[in-house]
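Just so you know, the sequence shown maps onto residues 1 to 366 in our numbering.
If you're looking for bench data, these hints aren't it; they were derived computationally from the structure.
Do not take every clue at face value.
[Said to hold, decoys possible] No more than 25 Å apart at the CA atoms, straight line, and that leaves these computed lysine-lysine pairs for BS3-like: (1) K167 / K304; (2) K167 / K308; (3) K49 / K79; (4) K167 / K49; (5) K117 / K148; (6) K302 / K167.
[Stated by the list, open to error] Distance ranges between label pairs, derived from CB positions: (7) R320 / R66: 36 to 46 Å; (8) L362 / H255: 49 to 59 Å; (9) G297 / F257: 18 to 28 Å; (10) E344 / M67: 29 to 39 Å; (11) G85 / L256: 42 to 52 Å; (12) M349 / Y324: 14 to 24 Å; (13) N86 / Y275: 26 to 36 Å; (14) L362 / K308: 22 to 32 Å; (15) S347 / R66: 30 to 40 Å; (16) A84 / L256: 33 to 43 Å; (17) L256 / S307: 24 to 34 Å; (18) V340 / P82: 48 to 58 Å; (19) G295 / V328: 27 to 37 Å.
Don't be surprised by glycine CBs; every beta carbon is placed ideally from N, CA and C.
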Amino acid sequence: MKHPENDEAYKGLKVNKGVADVPTVNPYLKKRTQRQNYSPAEYVEGILKGNITILSQAVTLIESSRMEHQQVAQEIIEKCLPYAGNSVRIGITGVPGAGKSTSIDAFGMHLLQQGHKLAVLAIDPSSERSKGSILGDKTRMEDLSRQKNAFIRPSPSAGSLGGVARKTRETIVLCEAAGFDSVFVETVGVGQSETAVHSMVDFFLLIQLAGTGDELQGIKRGIMEMADGIIINKADGDNIDKAKLAAAQFRNALHLFPATDSGWVPKVLTYSGYYNLGIAEIWEMIDDYVSYTRGNGYFDWKRKEQSKYWMYESINDTLRDTFYHNPVIEGMLKTAEQKVLNNEISSFMAAKQMIDAFLNNLSGKA
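Kindly generate the complete structure, drawing on both the sequences and the hints.
Below, the structure is given as structure tokens:
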């Protein structure tokens, strides 16, 4: 390499030595401690003592797709089941922007002030492209996230609402065993997640907005029939009259639907999550519902039906996974797919051939 600074013409030039490369890793950074591995019995013991760190690690095992993690998680869940079931589970749904996270923050603080312990399980939508999630619900629950008696756990939907719903239900079991007597489950708010969440909660709360021009658009048979209570958010300032009008429209719409299985007549209330207005009335409605359904036996009946539903869902999930991971099917899948694309065989016939091959392989005939 030519160094012009060494030329005679620059004899009077003084050249300082260069600076050594700065290390890319901060030398003062402490080495991250390895996460401690516990036995299933130690996990259960920590959960029953209300140890949030151990509870969080157990939830991570539930969410893991690794088989060894799943085996440990199922053992933990089984041992925690006798201590679960002592909470009120509330599903909270609404279109994006309806103020679900802000409302949960307000509802949660109201509960904590009454001496309750609250777990918030938020299903966060994942990107279809990157498969990543922001998991930023905690940032919108500023007050709640600082409370020692509140546990907030966002989970990525990861493109499979059924899968994350099953894991959320299992997480509820651990939270109840840890002593949380109130559980909120916040939905993605994009359609199918409502059905999944409805199948794991006692009370289903629908949050709506007024003054957005879509009051009638929000009156959809499916979601309205699932709701045990409808609340109109942002009923403050100039929006109060619009909120009251929207509430009247929803009450009229509810009269068009058949009576609920529980016998409960859903109520429509207005409130402001930002200004904490009308929160006590909403909680009074939920308490009335719980007392009413426990009194007529519907509360326990619904929980039993939900347990039965999730048993069948688990069977379906296991059968599907077993089918797609079967070596015979893995070998046939691409060929069958190509034949369908080339119109050499119908979609139904291709499916039948693979199912027959799968069943024959299981019975040992193949």
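Check each numbered hint from earlier against the structure, then list the numbers of those it violates in ascending order.
7, 11 and 19
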